[in-house]
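Number of protein chains: 2
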Amino acid sequence: MKELEERIAAEGRVLPGEVLKVDSFLNHQLDPVMLEHIAREFHRLFADAGITKILTVEASGIAIATMTAYVFGVPAVFAKKNRSRNLDADVYSAVVHSYTYDRDYTIMLSKRYLKASDHVLIVDDFLANGRAVEGMIQLCEQARAEVSGVGICIEKGFQLGGRLLREKGIHLESLAIIASMEDGKITFRKTE
Amino acid sequence: MKELEERIAAEGRVLPGEVLKVDSFLNHQLDPVMLEHIAREFHRLFADAGITKILTVEASGIAIATMTAYVFGVPAVFAKKNRSRNLDADVYSAVVHSYTYDRDYTIMLSKRYLKASDHVLIVDDFLANGRAVEGMIQLCEQARAEVSGVGICIEKGFQLGGRLLREKGIHLESLAIIASMEDGKITFRKTE
Chain H
0 MKELEERIAA EGRVLPGEVL KVDSFLNHQL DPVMLEHIAR EFHRLFADAG ITKILTVEAS
60 GIAIATMTAY VFGVPAVFAK KNRSRNLDAD VYSAVVHSYT YDRDYTIMLS KRYLKASDHV
120 LIVDDFLANG RAVEGMIQLC EQARAEVSGV GICIEKGFQL GGRLLREKGI HLESLAIIAS
180 MEDGKITFRK TE
Chain L
0 MKELEERIAA EGRVLPGEVL KVDSFLNHQL DPVMLEHIAR EFHRLFADAG ITKILTVEAS
60 GIAIATMTAY VFGVPAVFAK KNRSRNLDAD VYSAVVHSYT YDRDYTIMLS KRYLKASDHV
120 LIVDDFLANG RAVEGMIQLC EQARAEVSGV GICIEKGFQL GGRLLREKGI HLESLAIIAS
180 MEDGKITFRK TE
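Here the protein sequences come in this chain order: H and L.
Note that numbering that gives the first Met the number 0 numbers the first sequence so that position 111 is 110, with each residue one more than the last.
Note that numbering that gives the first Met the number 0 numbers the second sequence so that position 102 is 101, with each residue one more than the last.
Some hints here could point you the wrong way.
[Stated by the list, open to error] Okay, derived cross-link-like pairs now, DSS-like style, lysine-lysine, Cα gap no bigger than 30 Å in a straight line: (1) L:K110 / H:K1; (2) H:K110 / L:K80; (3) L:K110 / H:K20; (4) L:K114 / H:K184.
[Unchecked claim] Simulated restraints, written as ranges between beta carbons of each label pair: (5) H:T99 / L:D101: 39 to 49 Å; (6) L:T105 / H:V94: 22 to 32 Å; (7) H:D182 / L:V13: 50 to 60 Å; (8) H:T99 / L:E140: 27 to 37 Å; (9) H:T105 / L:R43: 52 to 62 Å.
[Claimed, not checked] Footprint (simulated), chain H over chain L, 3 or more residues, beta carbon under 8 Å: (10) 25-31; (11) 55-65.
Since the hints were derived computationally from the structure, they do not count as laboratory data.
Glycine included, C-beta positions come from ideal geometry on N, C-alpha and C.
Please model the complete structure; the sequences and the hints are all you need to start from.
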C-alpha cells in the first residue's frame, strides 16, 4: 500500500534493536484518515472472505480494528492483556511472548464474543515474530471460529512471523513489508 | 442520548461493587455503528469548540477516540498506562488512582503529540470518580493546551467525578448519566 509506505518513510523513526516507531499516525497519535484508508484496503483484500468479526489485541490494535469493523460493517473485539477484575471468568486465553518487553503475558477474550459461526479477520499494527497473531489464532481455535484472514499494517519481513503464518496456509495480507532497516534506512518489499 | 441509554438498558450487566459491564458494544466487543453515533453526538455537542485533537487513555477509550477523531476530522492521541520501552523519554505524565484495581498508575503522552496550540476534547467510556480525566487534564496543563471539553459515554452520576469537573467550569457532556443501579436496576438522569 503505497500511501502507507510513503507515510512510514516520511515519519517512521528507526531506533536501536530494530524498533520502528510510527507513533505519529498509527499507535500513539492516530490519524483517522490513514486508518480509514488502511481499513478500506483490508476490505478490498478480504472482501470475499465473508468476515463476521474483526479481532485484535489491546492496545495498539484497537484503533485499526475499530475502523476496519466500521468499513466491514461487523463488530470488532479486542483481546485483553491482563486479567481484569471486570473481565468475565468465562474467557478464552492464550500465552504470548513479547520480544519488546521480553516477557510472557496472557491474552483473554470473553467467550460471549467469539462463536463457532464467526469468520474472523485478525488485524494488528505490526507483525514481527508473530506471537500475538499466533495467540489470537489460538483464541479462535478454542472458539472453533474460522480464521478467514490476517491483516497487518506493517510486517517486519526480516523476522519470522510472516513466513510461519504463510507456511501454515493462513491468508495473510501485510500492507507494508519492511525488507530491511539497517543503518536507519527503511526499504520495502514489494506487495500487491 | 436515547439510543445509548436503550442499549445500556438492554445489554448492560450490573455486577457487585457498582460495576456496570457494557462490554457487548463499548469496551470489549465494539459496535462500530454505536461508536459512530456516539462520535456524531460528541460532534453535535462540541461543534463550536474549535477542537484540534481528541485525547483519551488506553485501552477502552481508544475505539471511542478513533471514531470521534474520524467524525471531527482531527487526530486522536491516547495516553499510555505503563512505561513502555518504545515510548519517548520526552513525555508528559500524571499519576492516576484506579478504584477498579485499587492502585495508582502513571499515564504518559509523548510531548510530540500535544501542543500549546491544541484545543483538546477528552473522551472516555466511563466517568466515575473522575481520576482518569483529571490525569488527562494534567497532561493538557503540562502542554499548555486548552481543554475545550470532556465527552463521556457513561457517567456514574452517583459518584463524584462529574460534579467535580462541572464545578471546575469544565464543559462536560455525558451521553448517558446513571442515577442509580441499585438491585441491578439501572435508572438514568435526564440529559440534553
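Against the earlier hints, flag every one the structure doesn't satisfy and list their numbers going up. 5 and 9
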